[in-house]
Amino acid sequence: MINFEFIETSLTENIGVIELNRPRQLNSLNRKMISEIVVAMEDFDRNDHVRVIVLTGKGRAFSAGADIDEMTEDDPIRLELLNQFADWDRLALIKKPIIGAVKGFVFGGGFELALCCDVLISASGTEFSFPEVGLGVMPGAGGTQRLTKLVGRAKALEWLWTGERIPAQLALEQGVINKIVAPELLMEEAMKFAERLAKQPPLSVRLIKDSVNKAVDSSLHEGMQYERKNFYLLFATEDQKEGMKAFKEKRKPDYRGR
Amino acid sequence: MYETIRYEVRDNIAWVYLNRPDKLNAFIAQMNHEIKEAIKSATFDNQVRCIVLTGEGRAFCSGQDLSEVNEDMDHGQVLRDHYGPMIKQIRQCEKPIVAAVNGVAAGAGFSLALACDFRLVSERASFLNAFIHVGLIPDSGNLHYLTQLVGQAKAMELAVLGEKVSASDAVAMGLANKLISTDAWEEEVLSFAKRLAALPTKAIGLIKRSLKAVSEQSFDAYLELEAQGQRIAGQTEDHREGLNAFMEKRTPVYSGK
Chain A
0 MINFEFIETS LTENIGVIEL NRPRQLNSLN RKMISEIVVA MEDFDRNDHV RVIVLTGKGR
60 AFSAGADIDE MTEDDPIRLE LLNQFADWDR LALIKKPIIG AVKGFVFGGG FELALCCDVL
120 ISASGTEFSF PEVGLGVMPG AGGTQRLTKL VGRAKALEWL WTGERIPAQL ALEQGVINKI
180 VAPELLMEEA MKFAERLAKQ PPLSVRLIKD SVNKAVDSSL HEGMQYERKN FYLLFATEDQ
240 KEGMKAFKEK RKPDYRGR
Chain R
0 MYETIRYEVR DNIAWVYLNR PDKLNAFIAQ MNHEIKEAIK SATFDNQVRC IVLTGEGRAF
60 CSGQDLSEVN EDMDHGQVLR DHYGPMIKQI RQCEKPIVAA VNGVAAGAGF SLALACDFRL
120 VSERASFLNA FIHVGLIPDS GNLHYLTQLV GQAKAMELAV LGEKVSASDA VAMGLANKLI
180 STDAWEEEVL SFAKRLAALP TKAIGLIKRS LKAVSEQSFD AYLELEAQGQ RIAGQTEDHR
240 EGLNAFMEKR TPVYSGK
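Residue numbers (numbering that gives the first Met the number 0), protein chains in the order written: chain A, 0 to 257; chain R, 0 to 256.
By construction, these hints were calculated from the structure, which means they are not laboratory data.
Since we're looking at a predicted model, the values are computed, not measured.
Treat the hints loosely; a few may be bogus.
Stated by the list, open to error - Mimicking DSSO-like on lysine-lysine, the simulated pairs with C-alpha atoms at most 27 angstroms apart in a straight line are:
1) R:Lys-256 <-> R:Lys-211
2) A:Lys-240 <-> A:Lys-94
3) A:Lys-57 <-> R:Lys-39
4) A:Lys-178 <-> R:Lys-211
5) A:Lys-57 <-> R:Lys-256
6) R:Lys-87 <-> A:Lys-178
7) R:Lys-256 <-> A:Lys-191
8) A:Lys-178 <-> R:Lys-207
9) A:Lys-178 <-> A:Lys-191
10) R:Lys-207 <-> A:Lys-191
11) R:Lys-87 <-> A:Lys-154
12) A:Lys-191 <-> R:Lys-211
If we strip away everything but chain A, and leave its shape as in the complex, we get (with noise of 0.2 angstroms):
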């Protein structure tokens, strides 16, 4: 396993967990550890022991948003060179499922991030929020995107304006998170969810988020087309096979991601 600075990353069974690892600073987001994230995601996205990825940070907060003091002194040209957003658009290639682990504070580039999560289930207790404009600035790794692609420009708008922090319950009426459970318990939740999502036929999750992904950013015409492309495609597997076959003889499917 590749040593990280600024997150740490396991592998259990076949669920790979990446944590967020600058528990003193809020998990603050800087660059190398976006680079990092990217990099650990990338890894156990090619591992086939891996099925599932679950991202969560060290400490109280999932994270309190990106570091302001590396941005501060930043310039246009730079920032255009940089090109630092690059890496943002490498997690959205992901293909295995990630679910997101978030608690106590999930703030601009932290919200973004678990924007990119593909389930979030979040501690009590926890608030949201994309606080940027409060800085003369305004997220910039896909938030405005994200979030009205979830929640729709009206909530999207009053938000982003604001900077409100939004509670998690009022997140789990806007549909931006799935569940919401006892901060004792979030590790012991996500897990038992990822073992869920790992014991289900691997190449249907992969095409089923493939699918759904595509609806969030095409027409219904092409979206139906590429779903059906999907839906073929998966006759071709051998978990197709056993789970009508299992069906038949009224067992429990064995699934090999083949």
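We have chain A; now place chain R onto it with these hints.
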């Protein structure tokens, strides 16, 4: 550091004394803030296993200091800025909070007592929803808690007629837990607090969580929260201690962990 309250921690109990006796402990913004800070300190202090709120002098708390109220005041904003954060801090706290109501609890002072988990009342105590007498409505969570304690009909009566409720009536209608004679007041408040402080603190916190969920969640969500709560309680040292003590036929000694 505190000016309007006194905050002391002794024997695992945090004591918060409202300390403006010459004003019958009436609220000013600073007192809202200091109560909030004191509750926060007690919440994060691992030594603390019970919190007691009480008043210095002859009143528990007479509510908003009316000498601070003027025509230009935005009453809604006062609640959002000062009372709301204090009441929310109390609601978030997972340790048992006792209101030791030593005298009159009027207006927001009544609300403060309602936001606590237990109300002990001295013979001198009384409750008064005074808001109506100045043309205002009960605030600081008052009706939310009051309705749960005494039901809609009685809550309506107390809010609209604004009549004083004596200590014994308060106990009779389920508003207060226990009436204590003036002579035995301090001693019995202390022994009640000590008793709470010796119980399995984590389990008490989880009970508070479940009770809150009753008014906030659907039944299915409540059952899930209950299951998670029991999972957490089942992993505490106090659960193990309770089981061991039962097997060994002795009195359990809980650490609160």
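Now for the hints, and whether the structure bears them out:
1. R:Lys-256 <-> R:Lys-211: The given pair, whose Cα atoms are some 22 angstroms apart, holds under the 27 angstroms limit.
2. A:Lys-240 <-> A:Lys-94: holds (22 angstroms)
3. A:Lys-57 <-> R:Lys-39: Answer holds: Lys-57 (chain A) to Lys-39 (chain R) is near 23 angstroms, not above 27 angstroms.
4. A:Lys-178 <-> R:Lys-211: holds (18 angstroms)
5. A:Lys-57 <-> R:Lys-256: holds (22 angstroms)
6. R:Lys-87 <-> A:Lys-178: Holds, at about 23 angstroms.
7. R:Lys-256 <-> A:Lys-191: Holds, because 25 angstroms separates the two Cα atoms, which is no more than 27 angstroms.
8. A:Lys-178 <-> R:Lys-207: Holds - the C-alpha atoms of Lys-207 (chain R) and Lys-178 (chain A) are around 21 angstroms apart, at most 27 angstroms.
9. A:Lys-178 <-> A:Lys-191: holds (13 angstroms)
10. R:Lys-207 <-> A:Lys-191: holds (26 angstroms)
11. R:Lys-87 <-> A:Lys-154: holds (25 angstroms)
12. A:Lys-191 <-> R:Lys-211: Status holds; Cα separation ~26 angstroms.
The earlier numbered hints are all upheld by this structure, with none contradicted.
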